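Work the whole structure out from these sequences, hints included.
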Amino acid sequence: MTSSEESSSYYDEIEEEFLVCAEEMFGYKQCQYFKDENEDGDNVLHDHEGKPKRRCHCGEYEESHPRSVESDSAPWDKSFLKLVFPTNAYGTISYGNTRYTEGVSSFVRLANVHDKADILKYLETECDILDGELPNMCIVMADIGDRMQLPEGKLKLLEGYLYNLAITTEIIFISSGLNTPISNLTGRICQRASEFRQAESGYYPDKYRSIGIMPWSKVKSSNVLETKGEVVYTVSEDDESTEQYELCSAYRHFIMVDDGYRRGRVGDEFESYAAGICEAIRASPLEGGWGLPVILVVAGGDYEVFRSVLAYTELGLPVVVIRNNCGAPNALWEFYTLCGESRKNSNHVMKNNSEDIKDFLVKIFFLRENETLLDEMVYICSRIAESWDLIKFVSLKMESDLDIIQSITVETAADVIGAVKLAVKLGRTDLARERLSLVRHLPYAWEMDKLLTDLLLEENVEFIDVLLTFNLSMERYLTIEALQQLYRKSSNNDLLRLCLKVYHIKVKRAEQPKLDGSNGDGANEFNDPPRVKANLCLYHINELLKKLTGKFHSHYYELTREASSDELNERTFQGPFQELFLWAILRQRQKLALFLWRKCEEGVFLAVFASCLSRRIARVIPSHERQRKLQVLANADEFEDLAVTMISSCANVYPNITWTIPTFTKVSWNCADTEWLGLIGRCRRFMGTREMQDYIYFKWTNDVSARTLPVSAGLLFPPLFALSYFSTEKNEAMTREQIEKEGIDDSQIQAYIGDDCYLVEKQLSVKEIIAQTYMSPRAKFMLRFIIYLPFLFFATNTILYEMPRLRYTLSELFLAITLFIQVLDAGFPFVDLARKCGKHHFDFFLSLPFVWLETAIALQLLICLFLRLFLKYNFYLMKSFAAILLLTLYCRLFLFIRASRRLGPALMTLYAMIKVALIFFIIILVILLPSGISQEALLFPSETLFTLDTVYKILFFDFYRLFGELNLERAHGEQEGCPTNDTTVDCPVYNAFVPIILACYMLIANIFLVNFLIAIFNNVIEEVQAEALGRWKYNLLLETEQYACRYILPPPLTLFEMIYHSCKAIFCKQLRSPKTDRATEAKVKSESEEAGKDTEISVGDDEENTNEHLVARELTLSESQEARMQANQAVLNLALIETQKAEQEAERQMEMTRVTKLQQIVEDVLNEAEDSLAALTVPEETVKPEPSTRGLPVKKDEDEEAPPSVEEVQQLLVEFEKQVQALVSLMDRRLWEFIKRSEHTSGENII
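At position 1182 of the sequence shown (counting the first as 1) the number is 1288 in our numbering, and the numbers step up by one without a gap.
Worth double-checking, as some hints may not be accurate.
To be verified - Heads up, simulated DSS-like pairs for lysine-lysine below, C-alpha to C-alpha not over 25 Å straight-line: (1) 159 <-> 184; (2) 595 <-> 531; (3) 498 <-> 464; (4) 326 <-> 159; (5) 334 <-> 188; (6) 595 <-> 735; (7) 595 <-> 612; (8) 847 <-> 868; (9) 262 <-> 531.
Note that these hints are calculated values from the structure, not bench results. These numbers were taken from a predicted model, which means no experiment stands behind them.
See below:
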């Protein structure tokens, strides 16, 4: 069997099932007895030949009536309309010759007695109207013919609004489905929305949701549809019925309600039955409905619309009336204004205003000659008057006037979750807040979890904030499994997938189960690609973060290696916002990350962490995606700015917090602290803040605040530290017993910090000052600099004069030993920084200048020693390497110079200029090489061997010509010792092209390129000087890290300190007493328990293992600073609150400006309307303008009363509409009087 045959058989099976279902569920009605409606002979109809045509009360002609036998003498009754099973009209309608293509609709003919739940079941199972994304609302358009519709301009506004609504939400449109302006409008909206989504996503089925509910009698050429299966719908050209309409080809589903009437006649039960179908759609799923909010929109029509409005309001369905200058909307508004303050008392309204109601009905609908119909409409109005709360009026001047549709649909949604989801689709946080404020308790947890997950994936921070406002528990929501699912659902994020690929983290992938109708290749009937689901786990994220930041290990994430899904669902995070913040940063969702950051604690640390992580992520982005890379770097800069702002705010609240902020970290992540993250993340602006510089200077000087020159003198002559200039205080936490024991005065007690501990200010002794000074990185740096200067002179003298060829000298031996000790001294920071950076940040380690310089010195030392000891015969080579080593030693001075505040920034500028010069040198070579080779070939035509001397001559002469050494005699073939026109190999020969080549070279190189380089240098200096100080501050922290791990004594004295510490470690190690060991163990245990309370979870028997991977941290600061750490988080929270208050104040000011403008506009419009009414009103008129005091006062002063609420503004607008309506009515009456007077005057003239 071929594929086409298989496809045909497949569709035949579907059609057969469809037809069987329709036959079993539905029937239709028809009149059983013919009864001529014109028995008295009046108003007899005739055909085109003039013959009389008999017609039954049901509307069918005698020749087409099912039975032409008349009934008994009894008058015709509705009981003649009998139900017939099964229905004889169902299947699909095709408007062309192609099967199952665009323009195919389903239809079914059914009686008005069937259960509405069966109709919904038919639409759901046979028409697949709920396939794909579930609909959010149902909009019913009142559609009765094409009379009295909206003007073209308002129809455009209505279409634009509904189209925008259709592309943002899933809507079911319901109307008559006939070829009328309203049905064509809604059908056109559905088609445009389908095309938009198809263009946006590449795939969208043509089964958009549009349902036509119509009377069978209103369908033109309905006899064509009396069949089952596929029908090609055509309308006869000679069918000119004015009471019947063609079907709208833009609709996809037709429900044709057969109440037994024919030929355009409709029973009085159709509207209530159609409204019942919509009421079933609104019913909750537990009641057999779909749970969708339903709203009726009235945009035109004649008096028949009143029946629709009554049917819907009786069922409690809301109605929106778009005011018009004619038709049903205008009549409803007239009736609404006529009721006035008595709207709630319908009996009183009908008793006092029945004649007025008849007057405007006759005026609008021309019902003067039909008293029966007029009485019926009056009765309908009395019933409508009981449901004014369900009817809203809209003056359609702009699309935003129809926002009331959104408000009503959200308000009338069946459940809270559906209402919030609809508000999310509409982007209306105000509607979500209003709906949630009406419920006492939030919905079921799993529903809220699913909604919150969708909002997180969509980065909808406004609605996330709404849910959090109503006490949604993020701690309960974010389990380990929930976070893992978030990573999996976002695993298709290109950036996250790229990071996993670059860092060689393999994630297994598994195909999802096949969907219904899919083939063996995993593609369904719409040729979708097979869906692939990434088995991304949190331990993959753990590995990725470790490689990105260098240090990261979360015990929570590692649990996903072995724990089951049920177990992971029971475990939650203590800091859920921080985990979500990390998830947002990895996805580079900046807006969501900023929102979550404001909800987190430890704002400074997280901001620096995000900046560092974003810069590491930017490194993996390919160079051709420059825009994306710049965006990620911009995100990193934004978080760095937040860190700068936050640390300044913290310092304003509590200045001493700056000593502990750099040591912040997240213990449960087991990652680096703020200081190291800012260092490897190159957060130079953060490191350059005053607060961070105070901290860095504190570490650099070890809290010895004396100036550099006195400290240098004290290092050389320690007794100077006994001077009062070097006096230093320290704060120490002491108990009351220790204070009394040491005899400390009460004036030295700074504060009580709890647990019988006091903060005491103590004066350091001279011994403590000396020890603290010598232990500082600054002292180690200065000692090495002081010793290095005479060492350079000694090395210079040794290499120049103390290195004979045939013997060794003591100077050489001492120089070699000193250099070897110097290499060992540099090895300590070398190893320490390499260990901190690890293999994941080895690029940062290699970017440090001292690494390359110290490595170069070590290699050159080894080469010189090897040549000196084993290759004595090659003395000149050894001497050359020794000279290069001496040059490198002099270059090492730059490592000392860059620590100077004055010379360091200048050195940064020089370094940037050297990098530009190296790039420029490559361009010079492109010009220099061709010029030198051409000149060499023309000047020495007899040369046949390639030697190093040739390369020398090619590069040497043209390179020095850049600096003014032109050597023009060589360009003319002249050389000392060579006669003119000598043709030997070593003598140049004159060639006329050589001066020309040299002139071109000098023009390009000297004039163009050199001046271009000068211009570049100017730009570089301007750019780098602005950042040079910040770079110097950043490098000061590198210097601090480098010298903190060195020995105190400089080389070569370092050797003695090394021996001392080695001996102390081997022979002089003191054993701890058992008491000390027990005290230490108790302290560690208590600290671990406190850390576990803050960062770990305890479930079952795993409580002992939760702190397994945590690294114990000890602050290097004093105990007083440890005490201050207790207040750090509170200070951070206060700073964040101040920031949020500032943002809210700015928003409030903007809102107040908007409200003030609105007040002024309303005041101006009301005053203008009142002036117009006053000018047109005559004394005998009953319509009088309202006093101007009803206008909204403009707020001019902060001391005046608050602006009115939204309800008050709406009430004022309603009153304004009344005044405008009164003005229009008055103008109509004045115009009518003018016309009457004109006619009377013209008649008198004729007489």
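Comparing the hints with the structure gives:
1. Between residue 159 and residue 184 the alpha-carbon distance is near 22 Å, which keeps this suggested pair within the 25 Å criterion.
2. Straight-line distance between C-alpha atoms of residue 595 and residue 531 comes to about 20 Å, which keeps the hinted pair within the 25 Å bound.
3. At most 25 Å may separate the alpha-carbon atoms for a hinted pair to count; residue 498 and residue 464 meet this at roughly 23 Å.
4. A threshold of 25 Å between alpha carbons decides the hint, and for residue 326 with residue 159 the separation of about 19 Å falls inside it, so the pair holds.
5. With a CA separation close to 21 Å, the supplied pair residue 334 and residue 188 stays within the 25 Å bound.
6. The straight-line distance between the Cα atoms of residue 595 and residue 735 is roughly 23 Å, inside the 25 Å bound, and the hint therefore holds.
7. The straight-line distance between the Cα atoms of residue 595 and residue 612 is roughly 17 Å, inside the 25 Å bound, and the hint therefore holds.
8. Between the alpha carbons of residue 847 and residue 868 the distance comes to roughly 14 Å, so the proposed pair stays at or under 25 Å and holds.
9. Among the hinted pairs, residue 262 with residue 531 is consistent with the structure: their alpha-carbon atoms are about 23 Å apart, no more than 25 Å.
In this structure, none of the earlier numbered hints is contradicted; all agree with it.
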